[in-house]
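Q: For the protein sequence lines, the chains are S and A, in the order given.
In terms of my numbering, the first sequence has 245 at position 245, counting the first letter as 1, and numbering is strictly consecutive.
In terms of my numbering, the second sequence has 475 at position 220, counting the first letter as 1, and numbering is strictly consecutive.
Calculated from the structure, these hints are not laboratory results.
Here the structure is a predicted model, which means the values were calculated and not measured.
One should not assume that every hint holds.
To be verified - Covered stretches of chain A, as calculated for chain S (at least 3 residues, CB under 8 Å): (1) 288–300; (2) 323–332; (3) 403–417; (4) 428–439; (5) 458–467; (6) 475–482.
Glycine included, each C-beta is placed from N, C-alpha and C at the ideal position.
There are 2 protein chains.
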Amino acid sequence: MVNLMHGNLNAQSSQPDKVDIYLHPLFKHCDDNFIKTLGTISRKITCEKGQTLLFRGDKAVFFYLIRSGCVKLYRETIDGTLAVVDILTAGQVFCEISIFEKCHHPYNAEVVEAGEVIMIPVELLQEEIKNNHQFALDVLRLVANHCRQQERELEHRSLQNAAQRIGCFFLRLLNRREGEGGTFHLPYDKMLVASRLGMQPETFSRALAKLKKETGIHIKGSKIKVDNISNIAKYTCSACSSEFPCKDLDFSKGR
Amino acid sequence: MVNLMHGNLNAQSSQPDKVDIYLHPLFKHCDDNFIKTLGTISRKITCEKGQTLLFRGDKAVFFYLIRSGCVKLYRETIDGTLAVVDILTAGQVFCEISIFEKCHHPYNAEVVEAGEVIMIPVELLQEEIKNNHQFALDVLRLVANHCRQQERELEHRSLQNAAQRIGCFFLRLLNRREGEGGTFHLPYDKMLVASRLGMQPETFSRALAKLKKETGIHIKGSKIKVDNISNIAKYTCSACSSEFPCKDLDFSKGR
DNA sequence: CGAGGGTTTGAAGTGCATCAAATAGTGTGG
DNA sequence: CCACACTATTTGATGCACTTCAAACCCTCG
């Protein structure tokens with residue numbers, strides 16, 4: 001079990017096996033009774049790779065929390081072109097807007113790595129939102145946090161080049177103090193990382209090579225070793241309005 | 256006065272002179288007493304072009320509503336490169352996250368067209384959020400709506416080319432039924448539209464010419480005449496996951 | 001009228017996408 | 001344990017969209 005209270009992007013790279021829903025910060029102001037109901041009523045499903053959890057346009061009836069595995073959120077045009085919204089791993093949540101509003105899914109969700117997903121019926125949460133003012137505020141915080149993440153994402157797409165976006169992604173995976181380095185594994189396929197960062201696999205490969213040259217990081221398969229974070233920060237954060245270390249994402253990994 | 260209850264992006268193009276804060280849908284569940292307090296305590300300021308309303312990183316103490324004029328929200332890297340987040344006109348609001356959370360501004364706000372702005376102290380709203388459950392939900396809706404807008408924006412940046420983004424922008428300005436055309440004015444400078452859509456003025460100029468060729472629209476200065484909306488929809492919406500007409504934005508123009 | 005932006009046009013450069021093909025890695029059945 | 005199939009990743013070559021730099025044009029407003 002991973003305590004999401006202290007969860008950060010590191011949890012992604014360490015790939016925890018299971019995640020306890022009770023500990024997601026979204027529920028920190030919910031009482032034991034509600035948590036118990038949550039445990040009873042929510043569905044836990046085991047998903048295979050390739051399985052589609054929900055389709056864009058479908059009515060949202062569940063709020064999702066990933067216990068393990070990996071889920072890709074994406075939009076698709078008529079001609080089949082994909083725009084990946086995000087790729088989520090253990091501990092992350094999605095469809096949070098459905099918690100308070102009747103809505104239709106704004107994206108598709110596909111399992112890209114087998115795992116377990118918890119589905120919480122939205123009525124349950126909508127009820128809680130009415131009774132528990134603190135919970136309403138926590139939902140608000142979750143949504144707002146997602147909003148800020150997207151603002152940052154949008155900025156990165158217009159100001160950072162491919163190599164800088166990868167570097168920034170690595171910095172978030174590392175999440176250490178300035179100077180300190182470390183080793184970590186990519187949370188998923190390079191192809192998926194590429195799509196997550198809005199680039200082609202070929203571009204990712206070349207940009208990663210460039211990042212290596214520029215910052216002196218070591219790469220072996222999916223293992224990345226960083227001796228000095230500042231090198232990456234210097235290289236990537238010059239093309240961003242936030243300074244390293246990024247303080248944007250401190251509430252939770254919720255979506 | 257413009258009734259924001261029924262406001263849509265058309266309001267942008269018709270450039271209303273003044274906007275009544277009471278009618279913003281955010282306040283639809285607030286009682287007269289609160290509205291009166293709002294009128295008393297909020298500041299109305301007249302802004303000159305070029306004036307900076309707030310700086311990124313400053314502590315957020317006001318929620319902003321634009322009565323008239325035009326405000327640019329942007330982020331800036333150390334070397335001075337800008338990333339425009341949005342450009343807002345009469346009836347639109349910003350800094351809504353400050354309504355429920357102590358936060359620092361994630362962007363700068365600069366007046367690009369002189370006008371009047373209303374500043375509402377966040378304490379007032381934070382108080383109301385505690386007392387008025389419906390208001391809390393309306394704030395949630397406002398934030399969620401902003402979130403969806405950004406999701407769409409992000410998709411557009413990765414799937415649509417420059418001409419298609421302009422066409423999509425026009426469709427939102429027109430906001431009519433399929434087939435019906437119309438005439439409208441750009442809500443602000445072409446330079447600003449370009450920055451809003453994440454492209455250079457030169458690119459905008461060339462892409463607009465391309466859009467004209469592809470869809471048969473008529474352009475004279477800032478006046479755009481569209482005979483048949485479907486032509487634009489056919490051209491732009493093919494590179495988007497939503498089909499025309501876009502239903503994404505039905506709550507308000509809030510930000 | 002003339003100064004100063006906004007807008008357009010031209011020419012050249014850059015970054016990423018695309019297409020193609022080679023190479024590495026992984027899982028399968030024999 | 002190996003050979004095969006299949007996928008992921010890398011590398012090369014080329015093309016396209018957008019940017020950048022430069023200059024002309026145009027419009028507005030003092």
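Q: Quick check: the segment 323–332 of chain A, covered by chain S? Criterion 3+ residues, Cβ under 8 Å.
A: holds (count 3)
Q: Go check the segment 458–467 of chain A versus chain S for me, would you? Three or more residues, Cβ under 8 Å, otherwise it fails.
A: violated (count 0)
Q: Cut-off 8 Å, C-beta pairs, minimum 3 residues; does the coverage of the segment 428–439 of chain A by chain S stand?
A: violated (count 0)
Q: Quick one: see if chain S covers the segment 288–300 of chain A, three-plus residues with Cβ-Cβ under 8 Å.
A: Per the Cβ count (0), the hint is violated.
Q: Counting residues of the segment 475–482 of chain A that have a beta-carbon nearer than 8 Å to any beta-carbon of chain S, does the count reach 3?
A: Violated: only 0 residues of the segment 475–482 of chain A have a Cβ under 8 Å from chain S.
Q: Three residues minimum, CB to CB under 8 Å: does the segment 403–417 of chain A make the cut for coverage by chain S? Let me know.
A: This one holds; 9 residues, not fewer than the three required, reach chain S with a Cβ under 8 Å.
Checked against the numbered hints above, the structure violates hints 1, 4, 5, 6; every other hint is satisfied.
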